[in-house]
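**Q** Chains as they are written, first to last, in the working numbering: chain A, 1 to 137; chain B, 1 to 156.
Honestly, the hints are just simulated from the structure, not real lab data. For every residue, glycine included, the Cβ atom is placed at its ideal position computed from N, Cα and C. Hints are not guaranteed to be accurate.
[Claimed, not checked] In silico negatives: residues of chain B with every beta carbon more than 10 Å from chain A: (1) 46; (2) 65; (3) 108.
[What the hints assert, rightly or not] Where chain B lies over chain A, by a calculated footprint (3+ residues, C-beta under 8 Å): (4) 88-96; (5) 125-136.
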Amino acid sequence: MVLLRKGQVETIGLVVIVILLIFIGIFALSFSIKEKEVNEDILTLKANSLRSSLLKTTICNITIKEELGNCVYDNPQCLDNCGSLNTLIGNIVSDSLEGEKYYFEFNNIELGSCIDKITSVSEVIESEKVEIAVCRR
Amino acid sequence: MKKGSVQLTESILVMFFVLVIIAISLVVFYRFQISSLHNYEDEYRDKQMLSMLMVLPNELGYSFLGKSENAIDTSKLFNPNLDYGFRTIIVEQVYPEFNGAVDCTIVNYPNCNRFVIYDKPSVSLKNTLVESRPVSMYYPLDGKFRAGKLIIKWYY
Numbered sequence: 001m002v003l004l005r006k007g008q009v010e011t012i013g014l015v016v017i018v019i020l021l022i023f024i025g026i027f028a029l030s031f032s033i034k035e036k037e038v039n040e041d042i043l044t045l046k047a048n049s050l051r052s053s054l055l056k057t058t059i060c061n062i063t064i065k066e067e068l069g070n071c072v073y074d075n076p077q078c079l080d081n082c083g084s085l086n087t088l089i090g091n092i093v094s095d096s097l098e099g100e101k102y103y104f105e106f107n108n109i110e111l112g113s114c115i116d117k118i119t120s121v122s123e124v125i126e127s128e129k130v131e132i133a134v135c136r137r
Numbered sequence: 001m002k003k004g005s006v007q008l009t010e011s012i013l014v015m016f017f018v019l020v021i022i023a024i025s026l027v028v029f030y031r032f033q034i035s036s037l038h039n040y041e042d043e044y045r046d047k048q049m050l051s052m053l054m055v056l057p058n059e060l061g062y063s064f065l066g067k068s069e070n071a072i073d074t075s076k077l078f079n080p081n082l083d084y085g086f087r088t089i090i091v092e093q094v095y096p097e098f099n100g101a102v103d104c105t106i107v108n109y110p111n112c113n114r115f116v117i118y119d120k121p122s123v124s125l126k127n128t129l130v131e132s133r134p135v136s137m138y139y140p141l142d143g144k145f146r147a148g149k150l151i152i153k154w155y156y
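Using the sequences plus the hints, can you model the full thing?
**A** Here's what the structure looks like:
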């Protein structure tokens, strides 16, 4: 068995102390700079309620859901053209949210964009699926 | 210095460093405990907020022949008899757009766009958590649905 000299023992002790201090520092830092997670439940609620309220909203005497159905056949009854409906939907969706980004897709309409999103329960209008999502980021 | 006195100084230094490490560990542990308590408190508040956002539209909801229509009946928003502690609850119309916020009263209804259905702010509580969700607003006078949002301000 190799016997360590007194100087070597003290050096090992010093190294152990430094390693301990580094571990404590890393542990403390990990808690102080932890990012707050996005509340997914609230985003899911927002996505679903946004779909429900948007499609139910009355424009002229019909709902947006019915006008979207008309736009599948390029036959809008309430607005001049389907482009105006896209603008209207974009405005309602952005005003309904508190600065969160969104994504809307129906037929060949695509509004907004997301890197990572929470999608609402889908709804089908005239065989076309409506997708509304709120972005995580 | 004599050998004994050198060893004594060395022991004192070692003790000092050990005490410093213990003190740092205690501070870190204390901060960790406080941080977990705050996280738990935030989580609990978020859950309660979510629960309120989910439940409130049903309490003020519009139903037709017993079937819920997933919309807030705006005629029920005047003095709804709620007690939610230090909070402010607002239902705001988003579409059709209005010029500025016009608070709804029995007199100007439905030519308004903001219902303050509960308002109990606190002077002593400095923090406010604000959360909202989109809602559909039903106007029974013309039978139309308007887009809106339910805003809850939570003072803590």
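**Q** Please go over all the hints and tell whether each is borne out by the structure.
**A** Cross-check of the supplied hints:
1. Once the 10 Å rule is applied to beta carbons, residue 46 of chain B is inconsistent with being away from chain A; the minimum gap is 5 Å.
2. For residue 65 of chain B, the condition that its CB be more than 10 Å from all CB atoms of chain A holds, with the nearest at approximately 17 Å.
3. In this structure residue 108 of chain B is separated from chain A by more than 10 Å, as the shortest Cβ-Cβ distance comes to about 20 Å.
4. Residues of the stretch 88-96 of chain A with a Cβ under 8 Å from some Cβ of chain B number 5, which satisfies the need for three, so the listed coverage holds.
5. For the stretch 125-136 of chain A, the assignment as covered by chain B is violated, since 0 residues bring a beta-carbon within under 8 Å of that chain's beta-carbons and 3 are needed.
Consistency note: the structure conflicts with the earlier hints numbered 1 and 5.
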